[in-house]
Amino acid sequence: MQRFKYELTLLWSGTGIKLALAFYIATVAIALWQGNCRVLNEAEVHNSLQTNFEKNLADWSAKVTDGEAELGLMGYYLLTPTAHSAPTWARLIYGQRDLDLLQQNIRLLALEGQIHASEINNPENQITGFIDLAFIFTYLLPLIIGLMCATLYANEQQTNRWPLLNALAGSGMAVLNYRLGLGFLLLTCLNSAVLAIAILLTNIAFDACAAFIIGSLLLYQFFWFSICGLIIRLGLNTAASTLGFIAAWMVLVVIVPGMSNLYLTHQYATDEGIALTLKQRQFMNDAWDKDKKLALDNFLQHYPQYADTAPLGEAFDWKWYYAMQHLSDLAALPHLEQYHAIMNKRRAASDHLAWLSAPLNFQQILTQVAQTDMTARHDYLLQVRHYHAQLRNFYYARLFYKTTTTEADIAQYPRFVYQPPTPTMPWLHLLVLMLSSIVVLAIINNIGSASRPLPQRYFWRSTRSQ
Amino acid sequence: MNKIWKISCHELKIHARNKSFYILLPLTQVLIIMALVGSWRYVQQSIHIQTLWQQEATRQWQEQPDRHPHRVSHFGNYAFRAMTPLSFFDVGVNQFVGNSIYLEGHRQNSATFAEANLAGNNLRFSQLSAANLLLIFWPLLLIALAYASITEERESGRLRQLLSNNLPLAHFLTGKILAYIIISLIFLVPIFLCGLLLALWSSAPFTNDILWRLGALFLLYFCYSILWLGIILCCSLLSRHAQSALTFLVVFWLLAVIVTPRLLGSLAPNIYPHPSRVEFEIALANAIARIGDSHNPNDPHYAEFKRNILRQYGVQKVEDLPVNYAGLVMSEGEKQSSLVFRQHYHQLINTFVQQNSLKQYFYWINPFLIARAISMKVTASDSQHFYHFEQAAEDYRFTTTQTLNELHTYEVRASKDKTQRISREHWKKFPPFFYQTPSLWWSLDSTQKEFLWLLFWLTLPLLVTHQLTRTRNIYATI
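In the order they appear, the protein sequences are chains A and B.
The opening residue of the first sequence carries number 1 in our numbering; numbering runs sequentially from there.
The opening residue of the second sequence carries number 467 in our numbering; numbering runs sequentially from there.
Just chain B, same shape as in the assembly (with noise of 0.2 Å):
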């Protein structure tokens, strides 16, 4: 243990002496706590404007006079999307997708005034989050760092002194690696810190969930560090040279984090295509329409609904019914409609799953992905949670209209049903839209693949330098 703390100590006083270590390092942690700072005042901005606009609709709402239902379901409501507290951290999705949905009766549309409509193309790549640049430019500081470590002592000829003097390759390397830990520590550690106090500080409730994504977001990080000085001090054990390592290791970098992704990205909807915007809203209208049509008065899906709710009714006619036929059709039709556009929307999010889980098949040479899919799930910027969200906004929109429907078909008389309007104290009994971001363990649900992988990249250079031990096939020659 005296020698492997010995060792890590050497390592760390040779890049102690190197000037540009004090400059680069803390240069580094200024520009990811300017890029948190920088994002957290504008999450806090769209927490703020959200709310607000949140509550002006809900305003709206409450504030409609004496109406007829039907109509009420026409006016509609609207759900704003406020970004997860934590995602000035991890930006994620957030620029791509829209922050406004428009709930109506009938229709679901899609979410509207996505930032990157506004932005046009300068986000590919420069979406400046602390997670993006620890996640691309950190390892590049570590290769920098620690390329050159154990081809520095072979060239040097202390590792064949070291090795000769009984000292276990295993101590010696757990040495190395001891340092730079030491070293990722110190860059992480403030940068956490920071996140920490601009978490509690944020206008969003600081709860415990908070506090375990951001111990599961440092835990990952420190985690990907390790990742990554494994495989460069493994790429420095092989090496004959300082300059092979480094030119692997930067090539390895800018495959793994730079082209791979974007590759993959761009080939996924070749691989499982998905329907644009105005083929989904045809196959769904064709969809509709095949089950029946509740203006036509042939139709024979709404006929044999007639007659169930005459049966059910116990009574011959239309007008003879307690209650509003008008109202039942309108619900019949909602339920309807929603129920097709589920089945539709749930093969299209399936499609996404699918075209996402593409990068599954590189986790075994990439560990960038896994870094960075558990890292947008940590701060619930991923994809999969905005469609929770389009999901509880249609959850809403169809109680909504349903509740309005039933309003239509037991308040309003069917033979006033053009000029009734019901009593405005309705609307304020509709509880106003609210969503909460689901827990930590619901975001980790489906990440069992990639925690796999995370681990198998953490023993790789255990298992590489088992191997080397027993076959003793080192290079300690100059």
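With the rest of the complex left out, here is chain A (with noise of 0.2 Å):
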């Protein structure tokens, strides 16, 4: 208990230890306010267009029941709003949402031609990212952990105090591991209570989730701190330690993260997205030249339980133009699974090669935890997918038997109601994660041995002169 006291009392001595913890407190607390900001904002401006909607919907009832306009004009003027509310964790980790749109609204017509907008963001803050926790875990906190430890062995050679410290009974290298697990303790408590503090100040439940996230957090802690014991075992001096420890942080949160991405850009390269836009646009353009009844007879085909409809006349119908409409849909369809099967491929690529880098892979496990991801998107979208179906049904049943459209009708409009994923714990990653730790544990223990212990070199003369 003593020895605890007093090896605390060494680690908090310095300034510069007060103030990168200081700095570390005061980033996060930015990151908890931006990420509520941020959810807050998404929720206000859903609520809105929810209340916008309603109203409109009303307008249109009123209109529609009295016969003054058309159901298909309905369809082709009333926006449906849907939107990917934020799951609980994403307050913390803001994952990619940044990028994507996240309110949209949906009209009967191509789905094709809808979906694929893209939301107004300025693409200078977009290439910098968002502040959220996932960036302060994973590319601060390794600079914080090798403030504290990678100078531990290069210290106390400098000072001379190494001879020493070797020569008492349990040897130098166990008084470094004492030190190394004591800022491990100090720094799982501030990241345990910035987690506890922001799991309070927002409505995520501890759950499974709470306790993969801290679990894969102290794993990633682990790995940084064993980078340390290696860069302590190589028994460098001040300067080449830290500038060592930089450079491992820059070569496993930039340039493989770089590597890889640019590998993935070349090696799934697609325009099949084009292909597919361009394709639904010149189907539904033809359409208009073509035979009516046969296309609409071809549209039966793929809903036979409207095939006892009224046969087209000569003006112009709704339930033609819609039946066009997602015949369009359907002619890019081979195009679009073309791109969802690239873009799948794409993603179980990218989530193999961030294996190869710790930092890399703990954001992977964060985002996928948090729901903040790829997958979560893409999960997104199909659900929208699946909801514009629900709507064309809706439409459908009353555009094929032309009955009067009543109150009770306009009631049974479908709404977009999001469904969360039930999550999946990244339990591979959480595996890789660890054995990147024993890996950089193997490395130590292949250097060190008895045999080789730490140099004892006499740090007299300059540094760069050895």
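Hint data in this document are derived by calculation from the structure and do not stem from the laboratory.
Beta carbons: idealized from backbone N, C-alpha and C, even for Gly.
All the given hints hold, so there is nothing to weed out.
Output of the computed footprint for chain B on chain A, the stretches with three or more beta carbons under 8 Å from beta carbons of chain B: (1) 27-35; (2) 103-117; (3) 128-135; (4) 235-244; (5) 250-256; (6) 267-274; (7) 280-287.
Listing some non-contacts, in silico: residues in chain B with all C-beta distances to chain A over 12 Å: (8) LEU666; (9) SER668; (10) LEU677; (11) GLU798; (12) GLN809; (13) GLU860; (14) TYR862; (15) GLN868.
Bring the two chains, given one by one in their own frames, into a single complex with the hints.
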């Protein structure tokens, strides 16, 4: 206990560590505030869209039930909001939500012309990204760890305390390990406090997700402490230790993800997205010139339940129009499937390449648990497609059988409800994170052995002329 | 001069003795050249694909059969954005902005299929372009090389001897910085030669503009190196120990290069909020509805418009007009809606410009922001160039739609408005969409602040050392 107190005092004695931790806490506060602002803003926009929609629906309902306007016209003009509501962890781990179109207005027309729209964003802000807790844990936490522990051996060596420490019972290496352990404990307490406060301030439940995130955070910390251990074992001087740690950080955080991204962009480049939009437009436009009765028959093959609808006349008929819209979606379907296939392959490859770099792996774990990654986005878009099908079913029933639309009919108008997917824990990623630490420990073990103790150089000359 | 040269040579010799110097520097150069080549292949592929799609879209437009012009305006056209030729050097915002815009009548669409939407979260920080590596990684390398250059002299006692031998401190410092300038040149020149070769070999035509841009880039990164060398050597001069100089420099580098840009990017929308896509579209629709609804026969704006047209042609009824009234209404509607859109769009762009200008308040303390801004402008890969493209696409859309509306007015008889089709030869007369990257002078148009601060940073070390020389406040003692 005495030793614990003294070691703690030693650790806390420098101004560097105090400034670093103050900075860390300040950025955490900013991150929590930012995340909260963003999520609240999204919810506000969504609510205003909902109120707007209910008002528009009421207006259209009045016009349609009076016979003032046709139901088809309502399908053309009425915009229904769909929103990718923020999952509970989004305030802390915002992921890629700042790239995505989070609220969309859908109408009955062909979906392919609507679903690929993009959000209005300042791209210069997107280059750097959003400050959230995931950024702080992934990028800044290793730097704090490096500041605390990378120069443990070098400091002792430089101040000539190392021979004394090494001569004590229980070798010098044990002292350094104790200090590494102490640093780990300190940061664990700090990060747990941060997460606990974050969870209390938001409405996140303390469930399996939270436990998983804390577990992966501890493993990630352990990884970086083992990198510190590696640097200590190499027995470098202060400058080399610092620069070595920063170099390791740069390689793992900037260079490896960068190279993997370059590879992925090359390997999975696709223009299927453009192909499908062009195809959809071409089909819809050509439809105006083709035989309408034949085209409607084509549609009825996909929807045989409406086969006994009244035959088309010479005048413009809404049911034909929307049938063509759907057929244009179907015409673009091969391209869409190809597009989705390539995106899925890219996502899988990106997942696997993330194993090469512990920070990238950790970020992947966080965004996957928080459901703010590519998978969650893809899931939301599938739900939008499903909803569009529901909308079409609502309208088809009333367009193909020319009944008068009543209030009861409009009351059945489907609304989009976002179903968050069941959380899947990325156990494989966690395992690989653990493996990365084990690999580093193995390297340390390889370097250090009884026959090769830490160097005992005497640093009275300048560090550079060695 | 001789003395300065001797000091530089001594400094270079020290580095030449260090084995890791011969590994680290070439390795970094290879990494940057790999990034260059990788990005170059990607940019070539993108230019090729976008050109093909543009040709396809033009072909689909020109091969339309006889049609009613309003139908053609709904058929629409596409504008495909090819990356600017020098994007292989600095990818800028290219991954985050869309690649294709659908141009149709009545509506302005957004650019879709941005690369980032396919890639997800890997991209931030790790857009491994040559510019990124030079802006982020190269200063770290310089810090590693030069942090102890003056503290080493002081700790070994050489500084005291040199100064006591009547060597002016200014000469000493000039010698030191000259050595590192030579190292920077050895580092930068092969990279830029490689860049030049790639630009020559590219499928885009190698114009004078590209040559100027490459020259400007080289000058920029050279100045950036000198700037960092000034900071590093000043720190080295002012610190007692090498370790404290290193710690200060590394912390400064981290804050300037990693933390501040992200912080500013994240805070900017809080200070200057911009509307989301749906809010923008709703505001636009409301503004257009306020002007008038062309489908509503009792609408006051269009009633006024009808009166003016009738007066202009000197007739009493719409049916007596020599031209198609429906076409005139379409023209008017398009004009009004495009006017409103432009107002809203320019407001949005101004908000974004304000958000970006937040960085300018930090130029005095962060050289990275200055260099990155200028680098993106010179390689024509920043957001202003994207808005230039969007504006060009919108202008093209407006001109095309209004020409079609004119055809509707003058070629289509009002009595046969629903069924008449005009000859397909008309579609061939429309010029295809062609976008020209603006010249270097346009790109650098609003960078006065950046250049001023760059000059400030370049002269700051001079001022500091001048001040030091005068007060003789150098720790020449061990």
